Amino acid sequence: MSGIDSQTSMNRAETGGLEVAYVRQELVPAIAPPINDSGVIGWMRKNLFSSIFNTALTLFSLYILYLTVPGIIKWVLTDAVWSGEDRLACATIAQGGALPDDWKAACWPYVGAYLKQFIYGRYPDAELWRVNLTLVMFFVGLVPMLMPSLPFKRENIIFMLGVFPVAAFVLLSGGNLDFNGFLLPDAIMAPSELKFWVDFLIVSLIICAGVGAYMNATDSDPKPAVILTAIAMGILALVLFVMSVDFGLTPVETDLWGGFVMTLVIAVTGIVAALPLGILLALGRRSDMPAVSLFSVIFIEFWRGVPLITVLFMSSVMLPLFLPDGVTFDKLLRALIGVALFSSAYMAEVVRGGLQALPKGQYEGAMAVGLNYWQSMRLIIMPQALKIVIPGIVNTFIGLFKDTTLVSIIGLLDFLGMINLSHSDSTWATPVQAMTSYVFCAFVFFLFCFGMSRYSIYMEDRLNTSHR
Amino acid sequence: MAVTDSPAGGSTVREKPKVKLLNDPKFRSIIFQIILVSFLVWIIWGMINNAAFNLQKAGIASGFGFLDTASGFGLNFSPFIDYTSSSSFLSVYWVGLQNTLVLAVIGIFFATIIGFLMGVARLSSNWVIRAIAYWYVEIMRNIPLLLQIFIWYKGVLATLPIAKNSIDLGAFGFLNTKGLFAPQFVFGEGSGMMGWALLIAIVITVVIGKWSKKRQMATGQRFPVFWTGLGLIIGLPLLMYFIMGQPVSTNYPTAGNFGPKGGMRVIPEFIALILALSLYTAAFIAEIVRAGILAVNKGQTEASYALGLRPGQTLRLNIIPQALRVIIPPLTSQYLNLTKNSSLAVAIAYPDLTAVFAGTALNQTGQAVEIIGMTMLTYLAISLVTSLFMNWYNAKMSLVER
Chain F
0 MSGIDSQTSM
10 NRAETGGLEV
20 AYVRQELVPA
30 IAPPINDSGV
40 IGWMRKNLFS
50 SIFNTALTLF
60 SLYILYLTVP
70 GIIKWVLTDA
80 VWSGEDRLAC
90 ATIAQGGALP
100 DDWKAACWPY
110 VGAYLKQFIY
120 GRYPDAELWR
130 VNLTLVMFFV
140 GLVPMLMPSL
150 PFKRENIIFM
160 LGVFPVAAFV
170 LLSGGNLDFN
180 GFLLPDAIMA
190 PSELKFWVDF
200 LIVSLIICAG
210 VGAYMNATDS
220 DPKPAVILTA
230 IAMGILALVL
240 FVMSVDFGLT
250 PVETDLWGGF
260 VMTLVIAVTG
270 IVAALPLGIL
280 LALGRRSDMP
290 AVSLFSVIFI
300 EFWRGVPLIT
310 VLFMSSVMLP
320 LFLPDGVTFD
330 KLLRALIGVA
340 LFSSAYMAEV
350 VRGGLQALPK
360 GQYEGAMAVG
370 LNYWQSMRLI
380 IMPQALKIVI
390 PGIVNTFIGL
400 FKDTTLVSII
410 GLLDFLGMIN
420 LSHSDSTWAT
430 PVQAMTSYVF
440 CAFVFFLFCF
450 GMSRYSIYME
460 DRLNTSHR
Chain Z
0 MAVTDSPAGG
10 STVREKPKVK
20 LLNDPKFRSI
30 IFQIILVSFL
40 VWIIWGMINN
50 AAFNLQKAGI
60 ASGFGFLDTA
70 SGFGLNFSPF
80 IDYTSSSSFL
90 SVYWVGLQNT
100 LVLAVIGIFF
110 ATIIGFLMGV
120 ARLSSNWVIR
130 AIAYWYVEIM
140 RNIPLLLQIF
150 IWYKGVLATL
160 PIAKNSIDLG
170 AFGFLNTKGL
180 FAPQFVFGEG
190 SGMMGWALLI
200 AIVITVVIGK
210 WSKKRQMATG
220 QRFPVFWTGL
230 GLIIGLPLLM
240 YFIMGQPVST
250 NYPTAGNFGP
260 KGGMRVIPEF
270 IALILALSLY
280 TAAFIAEIVR
290 AGILAVNKGQ
300 TEASYALGLR
310 PGQTLRLNII
320 PQALRVIIPP
330 LTSQYLNLTK
340 NSSLAVAIAY
350 PDLTAVFAGT
360 ALNQTGQAVE
370 IIGMTMLTYL
380 AISLVTSLFM
390 NWYNAKMSLV
400 ER
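Which chain is which? The protein sequence lines are F and Z, in order.
For the first sequence, counting from 1, position 314 maps to 313 in numbering that gives the first Met the number 0; every step adds exactly one.
For the second sequence, counting from 1, position 79 maps to 78 in numbering that gives the first Met the number 0; every step adds exactly one.
Calculated directly from the structure, the hints in this document are not laboratory data.
Accuracy of the hints is not assured; some may be wrong.
As a list, the in silico BS3-like pairs of lysine-lysine whose alpha-carbon atoms are at most 25 Å apart [stated by the list, open to error]:
#, chain 1, residue 1, chain 2, residue 2
1, Z, K260, Z, K177
2, Z, K163, Z, K260
3, Z, K25, Z, K213
4, Z, K297, F, K45
5, F, K222, Z, K56
6, F, K359, Z, K25
7, Z, K212, Z, K56
8, F, K103, Z, K177
9, F, K103, Z, K163
10, Z, K19, F, K115
11, F, K330, Z, K56
12, F, K330, F, K359
13, F, K103, Z, K153
14, F, K73, F, K103
15, Z, K213, Z, K177
16, Z, K209, Z, K395
17, F, K73, Z, K153
Note that this is a predicted model, so its numbers are computed, not measured.
Using the sequences and the hints, build the whole thing.
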């Protein structure tokens, strides 16, 4: 109102303070925008019918949608069978059931009956609480880690990368590993758990002494480095100890693992192992030392150049040949090694992108304040580079998550493997069985991957604003 | 560290600081590299040793001698190479490689077309088109490829009618659970001359293109290269076709009581793989195309219009060349991905390199190291050759830039 007042007073000023008949004293009320350019109609004119060609395109695509979408809705929802005990619920008259002969739609009770296997594989019923506990721990640790506004990031990451993997291993497999020692000859001490710890102590002392001697030789203070090494060895000992303790859990062989849980195990282990390896390879590729950079380049380009399925074949067929006599890995571990090596090469390229995106001044600044190579990487370069590549890491994880389905080809019963296995059960054998289970599987994968890609876009936007 | 401090305000010449050998970066890097190399040698030597021992224990003779022995199994798909069960394992390798390449080339062809269409559609001013393209991309790239292959193979193609009730596709032949029965071209006597005519037409077109560019540089006059070239490439083989007395005929499949007869049978495994590979990769190509077009500044379009170019010319001479510079490198890596992903054929037993060589042949002979090694090196060679091409292309393109 005050704006209008000042305007009228200005008009008065221009006319010398006189009320002139042909000068308006108040604003004319705004006319509503033309109905054809605003609101629903305007939007449609602009976005759907802006030209003859556009109108034709709109009508054509609406026709395509008319042909497909109702069919999909009928298949998934309205025509689908929602309850039943066995295949007869989803069989047409010709197949022995009660449905009309041209019926074709989803058979959801079959998915319901198999849901437990799809999630847990053949994990024993009595022990399912262990899987559930692992999943709860995983999501409780993961969700706050992904929300940038929440505090305690450091503790959270330590939990996810340090505590959770050990706990998950003990819970899922039952723990209670047998260690027999590896260093001293049997003549001195018979193989036993105690011998392992004696061996471990000897090795730790040698490493600590080596670190101390090296620091001494380079004129540095050996004390903090030796203490740090000792703490690291202590943590390693604690981890190994927890893995070897008998918690009274029934051991569950990895043959019985499966379903969506196995998909998660492979994807998460793959990405967690790939991250440190990838960082080392990325640093190696940018190193000034010719042997190191050549090795990194060959390693990265080799794994990126071959398909994952040949890597899995290699790890399942060729890897046992390369191991010493008597050493065997189980099938899951072999696949995990293959997946980890494969994704570390992709991770290395993602991290290298982050390293290259940093301005050169950051490297020079780190050198100028007198930090050595590892200090500058740890304190200056990596925190910035890794922050830039969070979306890239998430995208690598999405790729890896989808690629875990390939382990079903080498006979592991992951989510897709379990689904294919369920097709051999005659209780639910109908022509729609395969499609129903695949649509279910596709839906689950879509939810997870789409969610992750949204998160990656969200992080990208967030990081962009803080950088520019 | 060991740097000696010169006294404050000292006028002495600064001497070279004495550094302990272990603190000398050069010496340290040499030592570190020696340690790394000897560690790698030790690992590789250990692996070779173990492999030799394990192979000896399993009674498998290592070496490539097995490649000459007869394979003893048949293959249901080999379009260009004659193969019988008495052929050697080496020809199994060639058939596998051939099938992989056939799959990759045809998959790349369709993926490129669908991908470019969807990429342009993502930028359309039409809301429905934009929405369809968006959801196409999101659905396709968020579902695992292997699952998509299974959906097409076991979910869709396996539920087609049996041979007796084949679906009639008219000019495209018949479709049933045994695959697609498509018309086949039969090349008779003299059809080789048509190939030569095509080759000559292409050569002439290239020459005309070079000449017209030179003339345009000199005189500013344009020559309709595209239409001339198209006319030559279609016309010359067509002319030869009639000169040689119509040597090419088509063998149409016909409906019979026990299914379609004649024509060319395309196995369902192949159809499922082509559908899955090209639809999946097209989603990624669409995003690349979209990013490439968006990367060209709007000022470029306006500048072209200001120079008086028509919209078609703007697109052809200004936008597309610049967008391609952004598009080609990631596009090549998508082509590579498709080629590598074609190894998933093993899941539905299409006889590609991985399935017949790293699968069947490996099971028959047990020569794990040689066969897996050959397979991986083959894929690696394809990747490396493509990357070399890509580097060459990038170098060529970046010359234009500055």
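These are the hints, each one checked on the structure:
1. Restraint check for Z/K260 and Z/K177: the C-alpha separation of about 12 Å stays at or below 25 Å, so the hint holds.
2. For the given pair, Z/K163 sits about 11 Å from Z/K260 by alpha-carbon distance, which is consistent with the 25 Å threshold.
3. A C-alpha spacing of about 56 Å is found between Z/K25 and Z/K213, which places the hinted pair above 25 Å, so the restraint is violated.
4. For a cut-off of 25 Å, the pair hint linking Z/K297 to F/K45 stands: about 20 Å separates their Cα positions.
5. Pair hint F/K222 plus Z/K56 does not hold up; C-alpha atoms about 51 Å apart against a cutoff of 25 Å.
6. The straight-line distance between the Cα atoms of F/K359 and Z/K25 is roughly 22 Å, inside the 25 Å bound, and the hint therefore holds.
7. For a cut-off of 25 Å, the pair hint linking Z/K212 to Z/K56 is broken: about 69 Å separates their Cα positions.
8. Among the hinted pairs, F/K103 with Z/K177 is consistent with the structure: their alpha-carbon atoms are about 21 Å apart, no more than 25 Å.
9. Restraint check for F/K103 and Z/K163: satisfied, since their Cα atoms lie roughly 20 Å apart, inside the 25 Å limit.
10. Restraint check for Z/K19 and F/K115: not satisfied, since their Cα atoms lie roughly 65 Å apart, outside the 25 Å limit.
11. Taking the CA atoms of F/K330 and Z/K56, the gap is near 21 Å; set against the 25 Å cutoff, the hint holds.
12. A threshold of 25 Å between alpha carbons decides the hint, and for F/K330 with F/K359 the separation of about 45 Å lies outside it, so the pair is violated.
13. Between F/K103 and Z/K153 the alpha-carbon distance is near 15 Å, which keeps this suggested pair within the 25 Å criterion.
14. Straight-line distance between C-alpha atoms of F/K73 and F/K103 comes to about 9 Å, which keeps the hinted pair within the 25 Å bound.
15. Pair hint Z/K213 plus Z/K177 does not hold up; C-alpha atoms about 55 Å apart against a cutoff of 25 Å.
16. Pair hint Z/K209 plus Z/K395 holds up; C-alpha atoms about 18 Å apart against a cutoff of 25 Å.
17. Between F/K73 and Z/K153 the CA atoms are separated by roughly 20 Å; this keeps the pair inside 25 Å, and the hint holds.
The structure is inconsistent with the numbered hints 3, 5, 7, 10, 12 and 15, although it conforms to all the rest.
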